[in-house]
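Peer 1: Sequence:
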Amino acid sequence: MTDSETGETLISANIGFQEINKGTASNTLGYFTLPNLKPGTYTLFCSYVGYRPFRQEITLEPGQNLRLDVELIPENVELDEIVVRSTREEEEQKNIGTIQVDTELIQELPSVFEADVFRSIQLLPGVKAASDFSSGLYIRGGSPDQTLILLDRTTVYNPSHFFGFFSTFNPDAIKDVRLYKGGYPAEFGGRLGSVLTIYNKDGNRNEMDGSATIGMLASRVSVEGPYKKGSWMVAARRSTLEPLLAGLRQNIDNIPSKFYFYDVNGKVNYDATPNDKLSLAFYAGQDQVVFPFADDAEFGLNYGNQTLSGNWTHIFSEKLFSNFVVTGSRYFNFPEFEFGGTTFTRANNIYDFSIKSDLEYLPGNNHQIKTGVWAGIFTNKLQDTFDGNDTFSSRIQNQYASAYVQDEWRPSDKWVFTPGVRFNYFSDGDYFKVEPRFSMEYRPTDRIRFQAAYGRYNQFLTLISNEAFSGFDVWLTSAEGVSPAYGDQFVLGAKTVPFTNYGLDIEVYYRSMEDLFELDPFLPDVAGLLYEDIFRVGDGSAYGLEVFFEKRAGDFTGFIGYTLGYTWRRFPGYNAEITEDGQTARFYPPKYDRRHDINVVGNYQLSNRWKFTASFNFASGQAYTEVLGRYAQFDLPFTNEDRNTFTVGKVNASRLPNYHRMDISFSRAGRFFDLGDSELQLQLINIYSRRNVWFYSFDFDENPVQVNEVNLLPILPSVSYTVKF
Numbered sequence: 200m201t202d203s204e205t206g207e208t209l210i211s212a213n214i215g216f217q218e219i220n221k222g223t224a225s226n227t228l229g230y231f232t233l234p235n236l237k238p239g240t241y242t243l244f245c246s247y248v249g250y251r252p253f254r255q256e257i258t259l260e261p262g263q264n265l266r267l268d269v270e271l272i273p274e275n276v277e278l279d280e281i282v283v284r285s286t287r288e289e290e291e292q293k294n295i296g297t298i299q300v301d302t303e304l305i306q307e308l309p310s311v312f313e314a315d316v317f318r319s320i321q322l323l324p325g326v327k328a329a330s331d332f333s334s335g336l337y338i339r340g341g342s343p344d345q346t347l348i349l350l351d352r353t354t355v356y357n358p359s360h361f362f363g364f365f366s367t368f369n370p371d372a373i374k375d376v377r378l379y380k381g382g383y384p385a386e387f388g389g390r391l392g393s394v395l396t397i398y399n400k401d402g403n404r405n406e407m408d409g410s411a412t413i414g415m416l417a418s419r420v421s422v423e424g425p426y427k428k429g430s431w432m433v434a435a436r437r438s439t440l441e442p443l444l445a446g447l448r449q450n451i452d453n454i455p456s457k458f459y460f461y462d463v464n465g466k467v468n469y470d471a472t473p474n475d476k477l478s479l480a481f482y483a484g485q486d487q488v489v490f491p492f493a494d495d496a497e498f499g500l501n502y503g504n505q506t507l508s509g510n511w512t513h514i515f516s517e518k519l520f521s522n523f524v525v526t527g528s529r530y531f532n533f534p535e536f537e538f539g540g541t542t543f544t545r546a547n548n549i550y551d552f553s554i555k556s557d558l559e560y561l562p563g564n565n566h567q568i569k570t571g572v573w574a575g576i577f578t579n580k581l582q583d584t585f586d587g588n589d590t591f592s593s594r595i596q597n598q599y600a601s602a603y604v605q606d607e608w609r610p611s612d613k614w615v616f617t618p619g620v621r622f623n624y625f626s627d628g629d630y631f632k633v634e635p636r637f638s639m640e641y642r643p644t645d646r647i648r649f650q651a652a653y654g655r656y657n658q659f660l661t662l663i664s665n666e667a668f669s670g671f672d673v674w675l676t677s678a679e680g681v682s683p684a685y686g687d688q689f690v691l692g693a694k695t696v697p698f699t700n701y702g703l704d705i706e707v708y709y710r711s712m713e714d715l716f717e718l719d720p721f722l723p724d725v726a727g728l729l730y731e732d733i734f735r736v737g738d739g740s741a742y743g744l745e746v747f748f749e750k751r752a753g754d755f756t757g758f759i760g761y762t763l764g765y766t767w768r769r770f771p772g773y774n775a776e777i778t779e780d781g782q783t784a785r786f787y788p789p790k791y792d793r794r795h796d797i798n799v800v801g802n803y804q805l806s807n808r809w810k811f812t813a814s815f816n817f818a819s820g821q822a823y824t825e826v827l828g829r830y831a832q833f834d835l836p837f838t839n840e841d842r843n844t845f846t847v848g849k850v851n852a853s854r855l856p857n858y859h860r861m862d863i864s865f866s867r868a869g870r871f872f873d874l875g876d877s878e879l880q881l882q883l884i885n886i887y888s889r890r891n892v893w894f895y896s897f898d899f900d901e902n903p904v905q906v907n908e909v910n911l912l913p914i915l916p917s918v919s920y921t922v923k924f
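Going by this note's numbering, the residue at position 456 of the sequence shown is 655; the numbering climbs one at a time, nothing skipped.
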């Protein structure tokens, strides 16, 4: 299933027959199969949003296997503008907790300086943002490290630029983004919460084309074209802040002497035979910053990701399909402090090399069996140096493996059952875990579906990071004495089409989280401690309700999303109360917990050239720990200075003020001389300049302690210009 103009494969296109109730969807490589058809004449139909419906009459002879390569023609009209778009047929293919994000429309939404995949995902029910400065994904009560992020089936460990301001994924380079918010199937594993899969474009198989965009924060260019029996694509992006920083340095102290990022995506595809397809995809991204904060002192940080994957797809028969991939991923983080000629550096490297093999088998009309294996080597290196001398060095290497099997069984037109199981092994600690998975669907009518899912999930990694800024991330693994975290998920949902071109999704979820392990923040010194002694182990839970109502077609489109969510954590000795039996830890909400979250997105096609988009977000205030007061201690030994001690309330028992913000965007389509189409985009972020509170700072020199607000973004204009050639 491909685009007729570019040859790009189409994922999750809908295929079926008019004469019989039988259909399917194309997989992540564009393939589809409809086995066990009786001889006869059928009318095949195919549909995909933004493309003209395809219909073709086919005749099957006894014993015949028919191969059909379908090319869908793009519509000439402008596409409707919402982040997540779906037709009724696409709605029928959507599993519980799964959302396909439209990569083309990400660029039309109002965003801070740069179109961003993660910022668009944050508008969806069940997904929360930590702040205006963070693109981190907090999904259904999980922290960002509980989401598995795969780029062309390769794990990405730090998906952020500019300390988390936006994600590393260039929207010009990717063709498919899919979020599994919870209850995800057995083919995925390794994380407690959710899965985000991203696929690079294959490249135009028919002709060479490209695009270039100039923005206020960054500029990007992409080029793609055919190559023999295949295609290629390259996309690059770089920040453009240097002229602004140079001007600021003339009048303001402590402006970064270096502050930039770049990323490059590429992919090459080759059709070796009609049944064999080869591809090679890569990504490289890096951030570098140098902050001088005194005449003889500065701080530098260099971090980024590199990924490489090779993929071989083979069709054995109309019933058996395979995919084999080799992946490599590297994450590096190099902070450096220099004080008066003395330098402290920390080098953190993660290397992850793996092989994966998946099979899809269709034994009959009612079953679709998927099975696969995944094995790899995970290496974590950490080295500290002080004034050129090594002070700490660690190299931990682990082997991991997993295998899964699941069966999508359709006993009738109304019922679908998908049982599955996944087996996981992690060498450090010799852990072997079994994860049962199950989902079901009941469809009483063509317009209503009820769904349910359950899954057990394990996680062998935890992320030590700053919730406000990314870039300082350190990954740690479970080991002997540090059990992997595990949890169960339960999801119930209902999907309906109440009116033509409208959709309504409602889901409720519950998550348990056990053996959560994180670095103990109360340890004064870790020197001499065993590895298992540097962690504290706790548990948690999350539960909530999500509602998603959308209008899919017409001059005006959009959606309303609402989330009611509760998230809790508990660690021994933390937020404890004194009881007759001693100290008992109490549950507390993490910082990113928000009770209510409402997102409204609307798009209006003003004319053939002009388009207007607006988004509004309201969220309950985040949790924080309140400072109650201070007291001073005098005449301490060995000092003549006063020493202030402050007291705080219960952990995260207080709330920041409610957050709300509205953004708008105008875009105008046109021509750039005779070279190609162009688009000018004007945006206003926070149009009524709401001074949302980021956090509170406390001045302990005042009595009583003075509380000061640190605010998020004020009103902020942005402009970009794109040319396609």
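Check before you lean on any hint, since a few could be wrong.
With a Cα cut of at most 35 Å, we get these calculated DSBU-like pairs of lysine-lysine [unchecked claim]:
1) Lys428 - Lys237
2) Lys790 - Lys849
3) Lys555 - Lys569
4) Lys632 - Lys427
5) Lys427 - Lys810
6) Lys750 - Lys790
7) Lys790 - Lys221
8) Lys632 - Lys580
9) Lys374 - Lys427
10) Lys580 - Lys518
11) Lys790 - Lys428
12) Lys569 - Lys237
13) Lys849 - Lys923
14) Lys518 - Lys427
15) Lys555 - Lys428
Simulated from the structure, these hints should not be mistaken for laboratory data.
Peer 1: Taking the numbered hints from earlier one at a time, note which ones the structure violates and give those numbers from smallest to largest.
Peer 2: 4, 5, 7, 10, 11 and 13
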